[in-house]
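Two chains, two frames, a set of hints: combine them into the complex.
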Amino acid sequence: MSVLTTRARSVESKHTQVAIYSMGGEISSEQAVRGAIQMHSKRVWRFGLALSGASDVADDLLQSTCLRALERHHQVTSHDRLDSWLMTICRSIWLNEVRARSVRKAQALSVTPEADLIAPGNDSETNIFATEVFTQVMQLPEAQRETVMLVFVEGYSYREAAALLEVPIGTIMSRLSNARQKLKTVMQHEAADAVRRSGK
Amino acid sequence: MKFSDETLMAYLEGKLDEAEIRAIESAVEADPALEQRLMALDPFAPVVQAVFEHVPAEAPQVDLPQPMAPATPAGGGLRLLAVAAAVAVVAVSATFWATRPEPLGWAQQAAIYQSLYVPDTIASLDNSAQTLDAQFAQAEAQLGRSLNREELEALPGMELKRAQVLSFKGKPLIQVVFADAQGQPFAFCVIRQGEGAPNKDVTQAVLSGLATATWAQDGYGYMLIGSDEQTDLSGQLDFLATSFAS
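Going down the list, the protein sequences come from chains A and B.
Position 26 of the first sequence, counting from 1, maps to 26 under UniProt numbering, and the rest follow consecutively.
Position 89 of the second sequence, counting from 1, maps to 89 under UniProt numbering, and the rest follow consecutively.
Read the hints as simulated data drawn from the structure, not as lab findings.
Do not take every clue at face value.
[As the list claims (entries may be wrong)] Derived coverage of chain A by chain B (criterion: at least 3 residues anywhere in the stretch with Cβ under 8 Å from a Cβ of chain B; other residues may be distant):
(1) 84-98
(2) 126-135
(3) 162-175
[Said to hold, decoys possible] Below are the BS3-like pairs computed for lysine-lysine, each with C-alpha atoms no more than 25 Å apart in a straight line:
(4) A:K42 / B:K15
(5) B:K169 / A:K42
(6) A:K182 / B:K15
(7) B:K169 / A:K184
[Claimed, not checked] Using C-beta positions, here's what the derived DEER-type ranges look like:
(8) A:T126 / B:G219: 17 to 25 Å
(9) B:Q36 / A:E125: 27 to 35 Å
(10) B:L237 / A:R72: 33 to 41 Å
(11) B:L116 / A:R101: 40 to 48 Å
(12) A:K184 / B:A40: 36 to 44 Å
(13) B:L41 / A:D80: 23 to 31 Å
(14) A:K184 / B:E195: 36 to 44 Å
Values in this document were obtained by computation on a predicted structure and should not be read as measured data.
Where is the CB? At the ideal position from N, CA and C, for every residue including glycine.
Next up, chain B with everything else stripped away, as it sits in the complex (with noise of 0.2 Å):
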C-alpha cells in the first residue's frame, strides 16, 4: 500500500483514525524506506533536535583507568613501543574524529595539536630574547592583550620556547610552549572569545592524553597542557590564575 505525503503528514499530526494510524505503523514495520520517509517528514524531530544539540554546552568529563603503564624513561624497546602505542593512538582518535558528530572546542583541537609535540619538536627552537620579543609582539597584537612575558619568565620549573599564533574558527588562539626540567614540552594556551562568552571556573581534564586544565575569564580562554596525562598542572594552575585574573 502507497501513502501519499499528505497521508504521512496527517499520521505525524495525529490527525488519522485508529485503522489509518494501525495501517501505517504495520507498513512501516515491513519497509525501511517508508520508515525513512515518515521520519524525513516529521516536524517536530528537527525543533526538539535543536534545542538538545547544545545539552550539555560543554563536553561532560569522564574519568578513566590509565591507558596504559606509565612510561618510564629507560628508553630502549620499551620505549619505542610506547612510542608505537601513543602513533596508534592517535591515529585511532583521528579516525573517530573524522567522523565525529559534534564540533570539536577550541580546548580540543589545541590538545591534538599539542598532542603531536615531542621534546624534539621544541628542543632546537630559537627562544632567544630578541626571537621572544617579535614573537610576544606579533602575539599580543593578534590577541588585544597582554601575555604576561615576564610572568611566562617565571613559571616554576619551565624553559619559555615559543609563542606562536594559530586560529580556531576566525579566533586568534596563541600557543605558548615551554620545555619542563626533563625537556618535555608543555603549553599555556590563550583565545580571544569575545566579549559576553561565559566565564568559566578551572576544568581539569586528560583531552587527547595531555592533562589539560582550562578556564575562561572576561572574554579570554586559557588553557594548560602538560606532557602525558598524569603531568600535575597545580603549580602553573595557580602561578597563571593569578597573574591572567584580570
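If we strip away everything but chain A, and leave its shape as in the complex, we get (with noise of 0.2 Å):
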C-alpha cells in the first residue's frame, strides 16, 4: 500500500494543473475518467478481487487504478468503454506491481477465499448455498477466475474479455468450461435441494 500510495501523491499536483484548463468546457477527457470511476469502481473492485483473491488487495488495487486511469486521461479518445479501459489498468498494475508482493504474502498466510463478503440474508438456504458458491468461484486459477468475473459477472462478451485478457477467444471458452466443470458439483447440489424444497 505505502508504495502505491507514494505514487498517488506524485499525480496530484500535476492532475490539478490540467483540471483548471479544463474548467468551463465541454465533458473533458477527466470528467469523462472521474464519471466512469464513479460509475464502475463497484465492477473494477470485484475484478480486483477476482485476480488477487483477497479483498483488502482489491481496495488498493482499485484506488491505485483510478489514480492511475486519471493521470492517464488525456490518452482517452472516445468517452465509450472507459469500463474496459479501467479493468485493463486494473490488471496491467496486478500483473506488473501487485501481484509477486500478493502471492508471496498469500501462500504465507494460505490465505481462504473471503466468503463473509456474501451478506447475511433471510434465507439461510440460499445463503449458504452463495456462500458454496463464492468458494468455488474464488478458488478457480487465476485465469480462470478472471475470466468467470468478466464474462458471467460482468457481462462481457467472449471477444471483449479475450480483447481485455490478451488471449484468444478459444483461451476465453476453454477456461469458462474448465470452470463450469469445477462448479458443476456445487450447482448441481443446488438443483437437487430445489426439488427437496419444492416438495418432490
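What follows is the structure in C-alpha cells.
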C-alpha cells in the first residue's frame, strides 16, 4: 500500500494543473474518467478481488487504478467503454506491480476465500448456496477466475474478454469450460435442493 | 454449420467430445451471433452473477485528487467559471448515472440532490419557530423517531433552515438543511431503514463533489453533507454521532 500511495501523491499536483484548463468547457476527458470511476468502482473492485483473491488487495488495486486512470485521462479518445479501459489498467497494475508481493503473502498466510463478503440474507439455504458458489469461484485458478468474473459477472462477451485479457477467444471458452466443470458439483447440489424444497 | 440449442447446451454442460468442442469454439470465433446464443444459454452465468453482484455490499471508497483549484470567494469571472464547471460536472454525472449498471444507494441520491443546492436555495427560507414546529412534527411522524431539534438548533456554527420530508424507495428520508456562517448549505439526513438493517461505522467520502459522512444505527441511516468536497465535518459529526447514538 505504501508504494502505491506514494505514487498517488505524485499524481496530485500535475493533475490539478490539467483540471484548471478544462473548466467551463465541454465534457473533458478528465470529467469522463471521473464519471467512469464513480460508475464502475464496484466492477473494478470485484475484478481486483478476482485477480488477487483478497479484499484488501482489491481495495488497493481499485485506488491505484483510479489514480492511474486520472493520470492518463488525456489518453482517452472515446468516452465509450471506459469500463474495459479501467479493467485493463487494474489488471496491468496487478500483473506488473502487485502480484508478486501478494502471491508471496497469500502463500505465507494460505488465504482462504473471503466468504464473509456474502451479506447475510434472510433465507439461510440461499445464503449457504451463495457462499458455496462464492468459495468455488474464488478457488478457481487465477486465469479462470478473472475470465469467469468478466464474462459471467460483468457480462463481457467472449471476444471482449479475449481483447481485455489479450488471449484468443478459444482460450476464453476453454477457461470457462474448465470453470463450469468445477462449479458443476455445487450447482447440482443446488438443483437437488431446489427439487427437495419444492416438495417432490 | 448450424448448432441446435441442445448441442450448445451439451457443450456448456461439458458433454461433447473433443471434435465437437473444437467445432463449436471455432464457429463462435467467426460468428458473434452464435456467441450471443451460447452466452444466453449458459446456466452458470446467472447463478454466479447473482452471487457476485452484491459484492462488495457498499460502493467502495476511492480517494481522488481535487478536480479543480479551490474556489476563491473573489467573485467575478472566476466564480462564474467555477459555477459553469460545477454545472458541467453535474451534467456529466447525470449522464453517467442515467446509464449506471447498479442502483444508487440512498446516500448517493441524497448527495446528488444536495449538490444542486446553492446559498440562494436556503437564503430566503422561512425558518420561524412556527414553521419549523410544523416541519419537525411532520418529519418526526414520518420517521417514527425524534430528530432532537434542540440539539440540531445548537449545532456549532450552523443556522437551522428547514426540515423536509423526502423518500427513497418508499422509505422516509428526512433532510434537515442548515446555513453555515458563510450562508453555504449544509445538510443532515436521516432515513428509516427498518429493523434488522446492519449498523455501520462512520464512513467519510466525497459524493457528487460534496464531503459526506454516513453511518447507521438501530435501523436508521444518518448522513452529513458539506457544502463542497473540502468541508470539514468533524465538529458536527462528533456532535451528532453523540446526540443520535441511541
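Hints, verified against the model:
no. : hint                        : verdict
1   : 84-98                       : violated (count 0)
2   : 126-135                     : holds (count 3)
3   : 162-175                     : holds (count 5)
4   : A:K42 / B:K15               : 35 Å, violated
5   : B:K169 / A:K42              : 21 Å, holds
6   : A:K182 / B:K15              : 14 Å, holds
7   : B:K169 / A:K184             : 37 Å, violated
8   : A:T126 / B:G219: 17 to 25 Å : 23 Å, holds
9   : B:Q36 / A:E125: 27 to 35 Å  : 33 Å, holds
10  : B:L237 / A:R72: 33 to 41 Å  : 35 Å, holds
11  : B:L116 / A:R101: 40 to 48 Å : 44 Å, holds
12  : A:K184 / B:A40: 36 to 44 Å  : 19 Å, violated
13  : B:L41 / A:D80: 23 to 31 Å   : 28 Å, holds
14  : A:K184 / B:E195: 36 to 44 Å : 39 Å, holds
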